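Put together the whole structure using the sequences plus the hints.
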Amino acid sequence: MIKVENLTKRYGGFTAVDDVSFVAEPGRVTGFLGPNGAGKSTTMRMMVGLTRADSGRVTIGGHDYLKIPNPGRHVGVLLDASAQHAGRTGREILALSAATMGLPESRVDEMLHLVSLTESESKRRVRNYSLGMRQRLGIANALMGDPQVLILDEPANGLDPAGIRWMRGLLKGYADRGGTVLLSSHLLHEVEQVADELVMIGRGTIVAQGKPSEMLTNSGTFFRAVEQDQLIAALTSSGMAPVAVADGFRVDADSLQVGKVAASLGITMIELRPADGGLEDLFLELTADTQREAYPAGATTTEGAQA
Amino acid sequence: MSAGTLEPGMIDISASKRPTMARMVAVEIRKMTDTRAGLWLLLAIAIITVAVNTLFLIFSNDDLPFLAFLQFSAMPQGILLPVLAVLLVTQEWGQRTGLVSFALVPDRSRVIVAKLAAATLFVIAAYLVALVIAAVLTPIAGADDPWEDVSGPYLLRVLLALLIGGLWGFAFGLALLNSAFAIVAYFAVPMVVSIVTAIWTAAQDKLLWFDLSTSSSQLFDPSSVSGEQWAQVGTGVLIWIVLPMVIGWMRVQKAEIK
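Protein chains in written order, with full-length UniProt numbering: chain R, 1 to 307; chain W, 1 to 258.
Worth flagging that the hints you see were computed from the coordinates, not collected in a lab. There are no misleading hints in this set.
Ranges between beta-carbon positions, derived for each pair:
#1 M191/W x W166/R: 49 to 57 Å
#2 G234/W x P69/R: 36 to 44 Å
#3 H113/R x F181/W: 36 to 44 Å
#4 S21/R x I48/W: 54 to 62 Å
#5 F181/W x F14/R: 23 to 31 Å
#6 K67/R x M21/W: 17 to 25 Å
#7 R177/R x V113/W: 35 to 43 Å
#8 M191/W x S21/R: 48 to 56 Å
#9 S116/R x T33/W: 25 to 33 Å
Keeping only pairs whose Cα atoms sit at most 30 Å apart, straight-line, the calculated BS3-like set for lysine-lysine is:
#10 K17/W x K67/R
#11 K258/W x K67/R
#12 K3/R x K254/W
Quick caveat: nothing in here was measured; it's all calculated off a predicted structure. Backbone N, C-alpha and C fix where the C-beta goes; we use that ideal spot for every residue, glycine too.
Below, the structure is given as structure tokens:
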């Protein structure tokens, strides 16, 4: 379990992390989601003592990370897969960690096998690794000490779709065995596939947290039907307002309501499900004032962008 | 895997043992040998030491004694060992491996101590190599009095001079946390000091109290070292090694590792 309480970090006048509190529960994968520069990495570095917090505290499994005698055996950490000596081989990097933690060299082979890095790949220097291979190596390094808690910063970054699927399976399995997983990402679709809980951060403050399904309750229903026009007319007449989305329609109602209307008219549904993009809309909306991207109203005028 | 009576989510760390210092020193030594850059630096120290001695043996007209060989070795080693010591510290920042190293051992002072011990061991190892080379070449050279002036205290003084060089590099590495800056500073600072000494002749005697490279070179003098000379080495060590090391240590304590 990771418990973050009122964590704050300032750089001069800039508050990078502002009174952040949340809990990552055991047996769950908690997604830590936010745009670039929202304070995710700073928060994670504070958890493991690499950045000193100005105020607030973090406990991992009830302990201050700095007070854990051999932290690698209890908490697996991956903060930046690229932060490795480019001239070392993958195997050597794992071997150094194993030696520091007091683990036998055989553990290195187990970890390489676990993350599907082959014998010959492990003997290559990290300089020649793709980002995806570095992520696998970083995850191997984090899992080396058989920890109860995993803290992973952008672990899916650079993984191909098969790699993301593999990682999802790995982390789910890990959480199912009682482990605590906290992983960060700036990409919603990456996180929502893996995470049981979401913590959204924007400009240093927590803007929302909870289960993805709970956060999505008001996003509406997406549907497609054979007798599309007939269904739209029926929904409109019962006070709903369907809007065209992609090749179907979205309406602010739950699936059951739409289904009942369709059934009463004998309409053949092709698709009926909670609307996509609800979480993404929520994410963008909640972090809107923290985004760098502005869409200037008069981009062609000399007035410039309105932030 | 006995969870015992722990509440869910709590971690039992009663059996957790922090990495021993011996293990950490071994890891630091390994970090210096497992990259091409580090390995070549170590090989260069060994090869150049052997080469310099061999060349002197072949081309010198004199019959060289043991001490001459030892002093030949000290030249390349005095230059390269401090570079090794700099890299031992700064590679954690330059290559950002500190992110892993300091996560595994959050007590940063222990990491610094382990690195300091590793640097010291490298210097001692290099010195032992120099001793062996000198011992092998001395009978070949066939000097009349090959073991002239060889004494325990003298051999220790030479080791001390080499250690001062290595720790000087280490201190600059720790204070600057950047390989290029630290190596340049290590070579530029003594140069500037000796230029000042050369120009400002009136203050030459006094400047010896600051000029560690000159005062520590007096340790190579086989005749005895005076109390004043020892004191000059002492102040030099204080200014150029202890002070930057303290600054560096505080810097590392406070630094954000990213």
